[in-house]
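Q: So for the sequence shown, the working numbering puts the first residue at 32; every next one is plus one.
By construction, these hints were calculated from the structure, which means they are not laboratory data. Treat the hints with care, since some could be wrong.
Restraint ranges, calculated between C-beta atoms of paired labels, are given here [to be verified]:
| # | residue 1 | residue 2 | range |
| --- | --- | --- | --- |
| 1 | THR523 | LEU222 | 53 to 61 Å |
| 2 | GLU388 | LYS536 | 48 to 56 Å |
| 3 | ARG500 | THR549 | 50 to 58 Å |
| 4 | ARG462 | SER483 | 15 to 23 Å |
These figures come from a predicted structure and were not determined experimentally. From the three backbone atoms N, C-alpha and C, an ideal C-beta is built for every residue, glycine too.
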Amino acid sequence: MPGEKAPTLILVEPSGARRPIPVVHTPISIGRRPESDIHLRDSRVSRQHAIIRAEDGHYLVEDCRSRHGTYVNGERVEESRELQPNDRIDFGVPDSYTLIFVTEEESLEELLQRVDTPPNPDAVSQQLRKLNLFLEVGRTLHAGLALTDVLTLVVDTCLDITGSERGFLLLPDARGRLECHIGRDLNKRTLTCAEADLSYPAIQQVLERGREVIVDRVRPVGKLVGREARQSPQPAIICLPLHRTPAAASLDTTDAGTPGNILGVIYLDNQQGAQPFAKLDRQILRSLAQEAATLVENANLFSAARAKERLDQELAIARSIQQRLLPREPRPCNFLQLAYLSIPCREVGGDYYDAIELPDKRLALVIADVCGKGVSAALLSATLQGALEAGLQWGQGVAGVAGHLNRYLRQHTETNIFATLFFGVLNPDGRFEYVNAGHVPPFWLRGERVESLAAENVPLGLYEPEQYRAKEIRLVPGDLLVLYTDGIMDATNSRGEAYGRERLKLLAASFHSDPLPTVSQAVLKDVRDFTQDALQEDDISLLLARFGPTKPSLPSDPDGTGA
């Protein structure tokens, strides 16, 4: 490092805030790239704008062929320029970042000379009064007052500092459009939003530039009155943006000074024209706007956290209700063994499965998959479950029940909502009549033979077919039915490969004679091994049914991962 003591760069941000950057190494890269040593969040600055380097005991600034150029004390740097104490470095665009080169040898007197000195004792008194107003706002922030009360104080203080006649705080509504939130006059009287006869061009400039806008002369201009613009004389105007905090803004991809980083606007106007503003006035106004922005942002974050908390509670209730609607343990049946498995990809899912007892010792096996995910799919799944059970209890055949369900969904849901469904009625003698309405074909295993019960009907809710067609097979003791949803075969690993239907068929065949809880857990383990617990995009459900006398067995889901 040249010299005994390293210099410091003072970064002056567009908001007026300053922070020191010690020169601990060179070269120092400056630009819009996030990896730059000095990152300038301004879309007008080049990605690699300039560098500062040490050479023979001196420090030089070099322009990196930037679009708008690099300037030292107002003079453009053609190639490089040696830096002197207190040199000011700009980047060719107005209202952007500035760097001040400061050496350790700079005296306290020199530093004090760079601070604005009031021209007379009255100015000193005025500045002290304004600083006291700002400190009063700071104390109020910690007094536990309501958000509206504190923001009202901020607007009142802005009016007091500027001498403006009216002040308004504009915040976005639910659609993101700025609306009047607080209105005050210089006598601290509340103004209604109907009185907010505001200048749209001035507000638009603030949103585009991300900086305060001061209009100090009266001239005709288009104004925003309610939702319509008209021409009328414009008073002197001061508009201040409420910027998001840097931590929150860093989560957004927009550059500083763009509308994506502006939470609202403080709008002040005066029919008598604007007063001249010293640097201290601007700094206080910017600080007040930043305090207001912090309050608004904290309130928004708190509201979002409360809303998420309520949503989480509602989802927990929905999940509890859905779990009660789905069978957890196999229904006792003297001619059929059952096992279930269900893993929703979200808190609640759109898969539905069941084994429903019917008269004459018959049993209906059902599995369905509603399009979509989350709460909407879960609600439709529950609706489908109720309508199916009602249709079966009325004694309709499986084809008639499918037609009833299709009409029900078409009458009570939107046109783009549908569900795939496989269900059949099993008699004690092994006769199994079923309908496959667009569902992934279940497997029918007998020894080493595996057949698919293919889909020969359209999904429910799409359109009205002439009729749904039923088919019939006859099971013998030992036959195994594997009913599942497409979440199993569509489960993907980190390489984007799908688990696949063929892999499930081979696995089921290899465990054909094992107890059904063993089979269901083998499927779950194989899917997890394949995906390596990667996040899945669809619900996973499995229903296993083996025809023949039942035997005592463990619960189908001993580790609690099933339904």
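Q: Hint by hint, which ones does the structure fall short of?
A: 2, 3
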